[in-house]
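With chain R fixed as given, assemble chain X onto it according to the hints.
Chains R and X are the protein sequences, given in the same order.
At position 191 of the first sequence the residue is numbered 191 (the working numbering), and the sequence of numbers has no breaks.
Add 332 to the 1-based position in the second sequence for the working numbering, that's all there is to it.
For the record, the hints were derived by calculation from the structure and aren't laboratory data.
Careful, some of the hints might be misleading.
[Claimed, not checked] Residues from chain X that face chain R, not an exhaustive set, calculated with beta carbons under 7 Å:
1) S338
2) M339
3) S340
4) H466
5) D658
[As the list claims (entries may be wrong)] Stretch-level coverage of chain R by chain X, calculated; a stretch enters the list once three of its residues show a Cβ under 8 Å from a Cβ in chain X:
6) 8-21
7) 38-46
8) 127-141
9) 210-218
10) 249-255
[As the list claims (entries may be wrong)] Sample of chain R residues facing chain X (criterion: CB under 10 Å; computed from the structure):
11) A49
12) D280
13) F314
We put the CB at the ideal spot given by N, CA and C, even for glycine.
Protein chains: 2
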Amino acid sequence: MENVISMSYGNGGKKTSMIIEEMIIPALGNDKLNLLGDGALLRTSGEIAFSSDSFVIYPYFFPGGDIGKLSVCGTVNDLLMCGSIPKYLSLSFILEEGFKIEDLKKIISSIKNTAEEAGIQIVTGDTKVVDRGHGHGIYINTAGIGEKVKGINLGKKRIKIKDKVILTGSIGNHGISILCARENLLESKIKSDCAPLNKIAYTIFKYGEEVKILRDPTRGGAATTLKEFVEGENFSIEIEEEKIPVDREVIGACELLGLDPLYIANEGKIIAIVSPEVSDDIIKDLRNIGCNEASIIGEVVDYTSSKVLLKTLFGGRRILDKITYDLLPRIC
Amino acid sequence: MENVISMSYGNGGKKTSMIIEEMIIPALGNDKLNLLGDGALLRTSGEIAFSSDSFVIYPYFFPGGDIGKLSVCGTVNDLLMCGSIPKYLSLSFILEEGFKIEDLKKIISSIKNTAEEAGIQIVTGDTKVVDRGHGHGIYINTAGIGEKVKGINLGKKRIKIKDKVILTGSIGNHGISILCARENLLESKIKSDCAPLNKIAYTIFKYGEEVKILRDPTRGGAATTLKEFVEGENFSIEIEEEKIPVDREVIGACELLGLDPLYIANEGKIIAIVSPEVSDDIIKDLRNIGCNEASIIGEVVDYTSSKVLLKTLFGGRRILDKITYDLLPRIC
Numbered sequence: 001m002e003n004v005i006s007m008s009y010g011n012g013g014k015k016t017s018m019i020i021e022e023m024i025i026p027a028l029g030n031d032k033l034n035l036l037g038d039g040a041l042l043r044t045s046g047e048i049a050f051s052s053d054s055f056v057i058y059p060y061f062f063p064g065g066d067i068g069k070l071s072v073c074g075t076v077n078d079l080l081m082c083g084s085i086p087k088y089l090s091l092s093f094i095l096e097e098g099f100k101i102e103d104l105k106k107i108i109s110s111i112k113n114t115a116e117e118a119g120i121q122i123v124t125g126d127t128k129v130v131d132r133g134h135g136h137g138i139y140i141n142t143a144g145i146g147e148k149v150k151g152i153n154l155g156k157k158r159i160k161i162k163d164k165v166i167l168t169g170s171i172g173n174h175g176i177s178i179l180c181a182r183e184n185l186l187e188s189k190i191k192s193d194c195a196p197l198n199k200i201a202y203t204i205f206k207y208g209e210e211v212k213i214l215r216d217p218t219r220g221g222a223a224t225t226l227k228e229f230v231e232g233e234n235f236s237i238e239i240e241e242e243k244i245p246v247d248r249e250v251i252g253a254c255e256l257l258g259l260d261p262l263y264i265a266n267e268g269k270i271i272a273i274v275s276p277e278v279s280d281d282i283i284k285d286l287r288n289i290g291c292n293e294a295s296i297i298g299e300v301v302d303y304t305s306s307k308v309l310l311k312t313l314f315g316g317r318r319i320l321d322k323i324t325y326d327l328l329p330r331i332c
Numbered sequence: 333m334e335n336v337i338s339m340s341y342g343n344g345g346k347k348t349s350m351i352i353e354e355m356i357i358p359a360l361g362n363d364k365l366n367l368l369g370d371g372a373l374l375r376t377s378g379e380i381a382f383s384s385d386s387f388v389i390y391p392y393f394f395p396g397g398d399i400g401k402l403s404v405c406g407t408v409n410d411l412l413m414c415g416s417i418p419k420y421l422s423l424s425f426i427l428e429e430g431f432k433i434e435d436l437k438k439i440i441s442s443i444k445n446t447a448e449e450a451g452i453q454i455v456t457g458d459t460k461v462v463d464r465g466h467g468h469g470i471y472i473n474t475a476g477i478g479e480k481v482k483g484i485n486l487g488k489k490r491i492k493i494k495d496k497v498i499l500t501g502s503i504g505n506h507g508i509s510i511l512c513a514r515e516n517l518l519e520s521k522i523k524s525d526c527a528p529l530n531k532i533a534y535t536i537f538k539y540g541e542e543v544k545i546l547r548d549p550t551r552g553g554a555a556t557t558l559k560e561f562v563e564g565e566n567f568s569i570e571i572e573e574e575k576i577p578v579d580r581e582v583i584g585a586c587e588l589l590g591l592d593p594l595y596i597a598n599e600g601k602i603i604a605i606v607s608p609e610v611s612d613d614i615i616k617d618l619r620n621i622g623c624n625e626a627s628i629i630g631e632v633v634d635y636t637s638s639k640v641l642l643k644t645l646f647g648g649r650r651i652l653d654k655i656t657y658d659l660l661p662r663i664c
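Bound conformation, chain R alone (with noise of 0.2 Å):
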């Protein structure tokens, strides 16, 4: 096999084959996989999430995982938070000419682990060369499947007043991360809190109908998450900035760059809502498996007009709105 990938590894003959027999299927094999059809054929409960995400991450390396990881992170988690149990994943790769396949085989190793990290099998894929100039390296997407989970029903619809928001963990460590390794910024000891949320989520599963809407605050952070959950709703939410687990790396670079940490990219995080009678109980479930900074960080309040309020630690009260502008593109 050659150093770095040429334009005939996205051929569809011999070479494509290559990177499939020699380097795929040894490492994520499987009964489903190794027929190579045009798809996969699976048996499952008839009731699925279905999710799909892009990875143009770069550097597609960095402290706390690589672009492979957060592929098979960013669609299992997602999954999760559909109130579903994530069982199938496709894998398509977009490789620049050039690239190196000692550097894919890495991603492919990532991607293994993670995998079976997540309990998810990847079933089907696809790979596709473009010529240099035109790509960024490696770029990935995944598709996903999950057999959605019986008494787990999520939708703005179901959030009422007076139920409480709660974050499983601290904020802001994926996108500080990803801009101090990309920019050389900063002697860091921040990684990205990139992993699979599966046993977080099932933790809060356990409340059932007590649970009513998950999110991962990935793109845009938990700001423009929480904005999500009001639009369009007759209630606001309010949280209170004091409550809101930062670690004190990503505060000290936030200040620095003149960054808001509540617009930062996670993704390890879930922010939940859920009834007030359970929110106690769940903090201590997640407490128990190790989440030691679950909080309830706030609440949904009785103001019609769909604004996500931030109670200040000083006291005041600022308007949080989505994301605009963007210092950090490309972070997922």
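Positioned in the frame of chain R, the structure of chain X alone reads:
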């Protein structure tokens, strides 16, 4: 709205919402997509097919179609080739900074028309933006879910000696049309055959267990598809050059450019292997629905070395391998 895509269209915030709410939902919206969750909840029959492809074709507008039409057809056709009825599609864009919003609108409109023709609903999606010089206008990934047709069981293991090889129409049109459009070669009338294959596949599905395997010969062309059928199996396939339908213009272009139509990509044809008992009836049915060039091009032969043999016009025999060097990169 501005005239071109800027980085902030990919940040998951206000501008990403503009693409979704002003362009995608009005064209493609339905009760599932409009919920705009992290994924879609779907009810299926349980036994499903799952397939995904990325599309990096250039130019993204070409005679007979565009990247939008192709990205729907590609996955719809893969689902059909698995013996399933296409139901649900995900749609993920990777846009390059500077891409014309006008072109994105045209592509979305084409996606709408093709999805309607194929009877598939777009239920979830994603939009990413990469900086100038790291894309080529637009790349699209689609993933699809189909419901398996009862009584259809496809696979190489079901192929038997004397089974017939059916080709549903002329080959080479897609690849040659793209090459001519890209290089401004020839004053060509050749159009891509890009089309959803539902009607043709359903006609073949009627023959149930008599249908052994289906494949649409895209990248690598008909020769590569046939070689994939025999690989690792105890039979060979012999096809006859004179039975293979190729349009006159495609033959002309291939001769001029030194290309072999058997290795040129198609996006609207099926190669089927079927029992000899039903092969003539299938051809009759296919001609009845307008596949005037549908032909039996060869058969499975008792020659155990997994070869594809071409009986040439001059009576010789040539061994066909998979595509190796590709004179036509990025044709899908």
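Consistency of the hints with the structure:
no.	hint	result
1	S338	10 Å, violated
2	M339	5 Å, holds
3	S340	5 Å, holds
4	H466	4 Å, holds
5	D658	4 Å, holds
6	8-21	holds (count 9)
7	38-46	holds (count 9)
8	127-141	holds (count 10)
9	210-218	holds (count 3)
10	249-255	violated (count 0)
11	A49	5 Å, holds
12	D280	26 Å, violated
13	F314	26 Å, violated
Comparing the model with each earlier hint shows violations of hints 1, 10, 12, 13; every other hint is respected.
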